[in-house]
Amino acid sequence: MIIVGILVGAVVVRWLMHRLIKRIVRTATERHAARTAAEGGRTAALLAASGLAHERYVQRTETMGAVLRSIVTIAVTTIAVLTIMATLNIPLGPLLASAGIGGVAVGFGAQSLVKDFISGVFMIVEDQYGVGDTIDTGEAVGVVEDVSLRVTRLRDRSGVVWYVRNGEIVRIGNHSQGWSTAQVDVPIALTEDIGRVSDILRVALADLPEHDPRVTDPPTVTTESMSQGVITLRVSARCLPTQHLDVQRDIRALVKGALDREGVQITAPSFGSGQSKAP
Amino acid sequence: MIIVGILVGAVVVRWLMHRLIKRIVRTATERHAARTAAEGGRTAALLAASGLAHERYVQRTETMGAVLRSIVTIAVTTIAVLTIMATLNIPLGPLLASAGIGGVAVGFGAQSLVKDFISGVFMIVEDQYGVGDTIDTGEAVGVVEDVSLRVTRLRDRSGVVWYVRNGEIVRIGNHSQGWSTAQVDVPIALTEDIGRVSDILRVALADLPEHDPRVTDPPTVTTESMSQGVITLRVSARCLPTQHLDVQRDIRALVKGALDREGVQITAPSFGSGQSKAP
Amino acid sequence: MIIVGILVGAVVVRWLMHRLIKRIVRTATERHAARTAAEGGRTAALLAASGLAHERYVQRTETMGAVLRSIVTIAVTTIAVLTIMATLNIPLGPLLASAGIGGVAVGFGAQSLVKDFISGVFMIVEDQYGVGDTIDTGEAVGVVEDVSLRVTRLRDRSGVVWYVRNGEIVRIGNHSQGWSTAQVDVPIALTEDIGRVSDILRVALADLPEHDPRVTDPPTVTTESMSQGVITLRVSARCLPTQHLDVQRDIRALVKGALDREGVQITAPSFGSGQSKAP
Amino acid sequence: MIIVGILVGAVVVRWLMHRLIKRIVRTATERHAARTAAEGGRTAALLAASGLAHERYVQRTETMGAVLRSIVTIAVTTIAVLTIMATLNIPLGPLLASAGIGGVAVGFGAQSLVKDFISGVFMIVEDQYGVGDTIDTGEAVGVVEDVSLRVTRLRDRSGVVWYVRNGEIVRIGNHSQGWSTAQVDVPIALTEDIGRVSDILRVALADLPEHDPRVTDPPTVTTESMSQGVITLRVSARCLPTQHLDVQRDIRALVKGALDREGVQITAPSFGSGQSKAP
Amino acid sequence: MIIVGILVGAVVVRWLMHRLIKRIVRTATERHAARTAAEGGRTAALLAASGLAHERYVQRTETMGAVLRSIVTIAVTTIAVLTIMATLNIPLGPLLASAGIGGVAVGFGAQSLVKDFISGVFMIVEDQYGVGDTIDTGEAVGVVEDVSLRVTRLRDRSGVVWYVRNGEIVRIGNHSQGWSTAQVDVPIALTEDIGRVSDILRVALADLPEHDPRVTDPPTVTTESMSQGVITLRVSARCLPTQHLDVQRDIRALVKGALDREGVQITAPSFGSGQSKAP
Amino acid sequence: MIIVGILVGAVVVRWLMHRLIKRIVRTATERHAARTAAEGGRTAALLAASGLAHERYVQRTETMGAVLRSIVTIAVTTIAVLTIMATLNIPLGPLLASAGIGGVAVGFGAQSLVKDFISGVFMIVEDQYGVGDTIDTGEAVGVVEDVSLRVTRLRDRSGVVWYVRNGEIVRIGNHSQGWSTAQVDVPIALTEDIGRVSDILRVALADLPEHDPRVTDPPTVTTESMSQGVITLRVSARCLPTQHLDVQRDIRALVKGALDREGVQITAPSFGSGQSKAP
Amino acid sequence: MIIVGILVGAVVVRWLMHRLIKRIVRTATERHAARTAAEGGRTAALLAASGLAHERYVQRTETMGAVLRSIVTIAVTTIAVLTIMATLNIPLGPLLASAGIGGVAVGFGAQSLVKDFISGVFMIVEDQYGVGDTIDTGEAVGVVEDVSLRVTRLRDRSGVVWYVRNGEIVRIGNHSQGWSTAQVDVPIALTEDIGRVSDILRVALADLPEHDPRVTDPPTVTTESMSQGVITLRVSARCLPTQHLDVQRDIRALVKGALDREGVQITAPSFGSGQSKAP
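If you read the sequences in order, they're chains A, B, C, D, E, F and G. Note that my numbering numbers the first sequence so that position 133 is 133, with each residue one more than the last. Here my numbering = 1-based position in the second sequence + 1000. Here my numbering = 1-based position in the third sequence + 2000. Here my numbering = 1-based position in the fourth sequence + 3000. Here my numbering = 1-based position in the fifth sequence + 4000. Here my numbering = 1-based position in the sixth sequence + 5000. Here my numbering = 1-based position in the seventh sequence + 6000.
Be a bit skeptical, because a hint or two may be false.
Straight-line Cα separation of at most 20 Å, DMTMM-like style, residue types lysine to aspartate or glutamate; simulated pairs [as the list claims (entries may be wrong)]:
1) B:Lys1115 <-> A:Glu168
2) A:Lys115 <-> D:Glu3126
3) B:Lys1256 <-> A:Glu224
4) E:Lys4256 <-> C:Asp2185
5) B:Lys1115 <-> A:Glu126
6) A:Lys256 <-> D:Glu3192
7) F:Lys5256 <-> G:Glu6224
8) A:Lys256 <-> A:Asp246
9) B:Lys1256 <-> A:Asp193
10) E:Lys4256 <-> E:Asp4212
11) A:Lys256 <-> D:Asp3199
12) E:Lys4256 <-> C:Glu2224
Some chain A residues flagged as far from chain B (calculated, every beta-carbon gap over 10 Å) [to be verified]:
13) Arg31
14) Val58
15) Ala66
16) Glu139
17) Ser148
18) Asp246
19) Ala258
Note that these hints are calculated values from the structure, not bench results. C-beta: ideal position from N, C-alpha, C; glycine also.
Sequences are here, hints too, so could you generate the full structure?
This is the structure we're talking about:
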């Protein structure tokens, strides 16, 4: 009687788990498609890559589903067999003790794996970043190409692909949310007048936001340090996310031109430039 | 008889837990609204962001509540079924042993998750910081945009958004409580008289607290070091929290002006300025 | 019979525990008041802050007491219900196994919390520092503003408030017990006579302890190094705790004056000062 | 009766496990052959090495299979004997307790081994890299020569062979997917005109992608910094994976030639070149 | 019957444990007094501090004894009550399971505490250092002021008091056992003759051990390096423990005098001294 | 009856284990002899050392075997006695619980020992290195003198013997497999022609592989950097394993000779050589 | 009956353990005496220290033996009492559970202690070093003064005594086995001829092994680097263990003399010497 009940229960549980896994796989695939479509709109260049990524995602998800179903079948079968053995009064102590010793060893070794998955689930649930964002994981900095439960795949500026395990990431810096800041340090000679040079820079850069859609606010000029033979002024401009490196380069060219026009000396605590001033 | 009791008990426990979860969600939402309103008064600029953050908070809290209720339902159902099986003398040893091995592995992997939550609870209970504070978490420095149980979201000065796990923070530095200190180091030539230069600086900066509402005390001037061809004087001024960087920039301009007026030489252990003195 | 006994026992235990918690809260509050009063005498400036801190302490202690009483009520009720279920022969195996798995996960995650509390208890019992002391925790250096079981709150010299978890502190340096040492390194030219310069410095600083109540012993002058074109003499003076930074600044001014009067050259291995010697 | 059942069960389980191991070994060998063939096509030079590697792989896999079969036989025999002893009411408590204590010690020690294997499985399943890729494991950088479950074997540019345990790799940087970027920094004198030099460089390098199949896009020229007596321009060119070091060397020679032809001064903040400019 | 036996056993055990604690406290106090007396003889200055330290030690030991007795009473009572409950067939499973979960959490958190105590016991048993020794714990260097089971209290040269947890000390360096070595590096010009300068130094320092009771052996002179425009000779003298810093200062003055008398040039690879040689 | 069976079983198990240990010892000794003979052929100088090493190995293996046999005897006896006690209904709970607590402590402490052994087994099985190879273990670099299960013994270039625990090695770099690369950086003046100098170097080194059996390929010359007043050319030559340091020295002498003959200036960003060019 | 058997068994076990401890203590003492005598022959200076060390060792070993015997008595008594209680059907569950919780906490804390002992046993068994050897433990470098199971005591060159816990040592470098290498880098001017200078050095040092028993092989001269205005030649000489520092000093004096005699310029990339060459 009991044995029949155990068998029936096992079949029912297996059927329920398999159905659950199938539904999760389907939901994940659909959500990923929606998310990919939404993300794809950001930058057209990523569209093709996204399609490919989605294909791979679907394939991997289904493989994962098949693996999970096999695991469920094996687990349910094993437990059912063991339970039937127990009802027949076959002593299971030695078997369970052996399995326990092995299980502890595997459990210890698998803990970083579990940690990766848990971190991955929370990163995705909390929507910390998506495909196309530029992020700083501590281990690597780059554009997110793929987000899976165990690893995040980035590509950095020089083209290297990085696979970072989610559990190893203690903090994420997302460069693609809100704004970024372009900063250029301008070293001028101690003999120059701070006020005059600041005004020159402000005037030269005042209309930058109008010309350049990447710059959102007019740049500010502040005095950062005053030592080692030079005064360092800092030009700061708020711009669109991840655009600050390009904007910095343009600001540098503008600053050089303006200072040359006005005859302000860009200097540095090096010997060469200091001496050419003497005669 | 016993089975009926178990079923009744399970239903009662589930109902109690669901009600408890609902109440906690409601309380948390209300408290967050009150807290957001209180915080919002600090800086008007954060008001809009706060409203948005509250919306997201409510949404997430309710999602979390629904998830919790599902977990409770699954846990209570599972325990009830197992208990009924036990009363029917179906041996549960194999099942519990298997679950135990899996549970240990998951438990090990989840320990950093639990640590994050516990740290988050205590940070909030101890009121270490709130939305709008500038904090130093060790991993990142910036303005707090959101405080959740698992992660704290910061935005640093250059616009990068940082997600820091609460359990990874071993110490927090809160820059927004009390005051801050603006410090400017002034390198002067060894041949200058310390007393005279100190007086010049003191006079030049004496009325700073009157002109500048950010500065709370008159700046002090101290002798910091005396070597490498220069004497370094340090101007220190206590000012409002998080304002010291801006105040430092203004003090630097004031000091430069005053020293130029009085003919004091700002110098540094570099070759250039040392030689221009020789002829 | 047994059930009645269990119920009675549970009520008695809960009553005893509640009473114990109340007494501990009251004792802690009184001791804190006494300790705050004693500490407050050190520096008048901390008095107001201390009063405020005590208010907050009392409030937090009572909140903690209420939380503890709730925990005791829940724990005693749960154990009593489970024990009664066990006497009714309802199988508790599944329930306890589930709780065990969850408990292990939480226990692992909570271990740093327990470590913080244990460290905090011993720090307070061993009287390592009190409110108003300047301490170095490794994570941050500053004046202690509050000591709780889990965290220590410091304020550093620039006004930042630091929350340091007690369990993360492996060694504490307390700057406020005993004395401190002011040290000023004086670089003089290789061509000077060590004996003569030492005598000049000793004479110039001999009456410092009489003029300055912060200095407890007459300064000593020692030869620290002899290379790189300079001889470095070190002036050391024992002074009151945490006063050495201010005393150092005063000693620097005195030394500069004395050496200028006597025509001793303060030099350094930099180019500028070396060349001004040539002509 | 039960004893006979146990013996039959043990024989059946052992037979099933042995067959499973054989099939896994065969599948792994075939897949490795296919993968080696596919990889071998990338660079002809690796073909011979691959054949050798496959031989070794097959040999090792079969050794591993034999070892696994022995382990299965020992484990099944031990468990069967113990179970029979238990059915004969021989107390097994002491034996299992002793084994448990030993097992825990071994389990702790083996956890890094398990971690290596789990990491290796996921690396291979996620196809993070293959034989012939240039990867950065953090511990060593080089060309992958062999990927096994426990270690990855690399050979770096100077010929050293590195064995890196898979579990110690927290992030992988794969240099062989997509593209790489050649970057050359060109320091020019402050007195030069940024615009003119940029044009010279752009013209000189414009037809690089036509001449050189390794370069995929025309190089860009940007202003990177402006201090210390020099302006630094950066030439960046996207090229085929792992080719950037060679391309950089060629670009350097081209840039030197172009600047020499046009009379632009390559300079640096050093003394020598600064002075030769003065007369 | 059994219950009476349990009660009697509990009373007996409690009485034995209390007596044991009392004896340990008395022995520890007496030993500490003896040890303090013995140590006090080393430096008279520490005598007063030692007396105070002993007072505090006695007080703390007795407090600790009282705490231990309370713990024993609570533990024995609890175990006795539980055992009586067990003999009355009240099910203890739920209670013990709850206690076990809590106990594991506390046990994990307390492990660093236990580690501190075990390390402390061995440090004291192995007699690694005593009050008055100058030790290097890695975390801090200073004179030992107090050695307890959990922490070691040091005072460094600048007056800061350090509390170092014994379990965090992986190696101890004891500067007060045996001897110390005074080392002075003398940079001389490349043009000098090594043999002649060595002889001058040897002669000048030969009678140091006779004049100075802190120096135990005549100093030796060796050639340490020969590059960067200078030859570096090293004077080494073995002296009494912890006296090397003072001896070094005296040797420096002696060396400077001897070299000046003999016209040997102390030089360094700096610009200033190199140029003063040219004309 | 059962007791007799237990005794018989214990004797049989002990006999089997002893025989197994003896066979393992014999196999290990024979394999070591074979391996030593094979390795010895590599470099004749190691032959004598190998013989000695083998003697020590045999001795140690036999000691280890004796120790293992004692452990087996003690373990089997203890388990047999305990099992007989259990069949006589003597309660073993207290004994096993005490042993368990002790066993856990020892197990934790022994985990790094187990880790060393497991790592050692895999290193030897995977044939990562043998006696005579030059390896980089991270902790030390040198020639392998002995490989045991727990530690690897190296001797570095300066004669120091290093004992490195196998479990602490996270990656191994084997310098003795395949090839090595000799690299010499040649700094030439900015005014030199890159093409001409490269040709001079290529011609001078072209016949190196013919003269020198250690060099396998003709050296290549590439442009590595172009800044700070110098152009750096790099000469790279593939040579036999571990020979690159010696080859580098020879290439340096050849390069110096060739450049001197052709009148090419080897320069560096230092002052001295830059100025000697000016007049 | 059973109770009598338990008592008899306990007495027998205690007697056996005590006898075993006594024998181990006696063996250890004798072996230490033998080892000390053998080691003492190496350097006569260590003889006296060794005698003292042996006295201390004997004393400590006997104390340890007494402590161990007490532990055995307590353990055996406790287990016997508990077992008798169990045979009387007194429930031991609560007692064992309490002990288990405490035991786990102590076990965790004691794991580093166990690790120290296990490491110590293997270090001694593998004969990695003995009293009088100069070793590098990573934490400290010095001459071994005492080797115990838990710590190794070293004395470094400046007289500081280091206590290093054996479990913290991940690799040992033994400087006293085999040989050591004296290395002297000789910087010569770029204008010198490498071949000529090498010959001068070789000739000057050729007969060093004959004059100096510490040097075993004739020194070799190699070209190490060629940049920054200098050529660096390296003189290497194999000598007796731990003698290389002294030999280096002698070689330096010999090299200086030889180069001065031959008029070779020892130079360096410093300004001073570069300029003295110009006129």
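Open item on the list: Are any of the numbered hints broken by this structure? If so, which, sorted upward?
Closed with: Going through the list in order, the structure violates no hint and respects every one.
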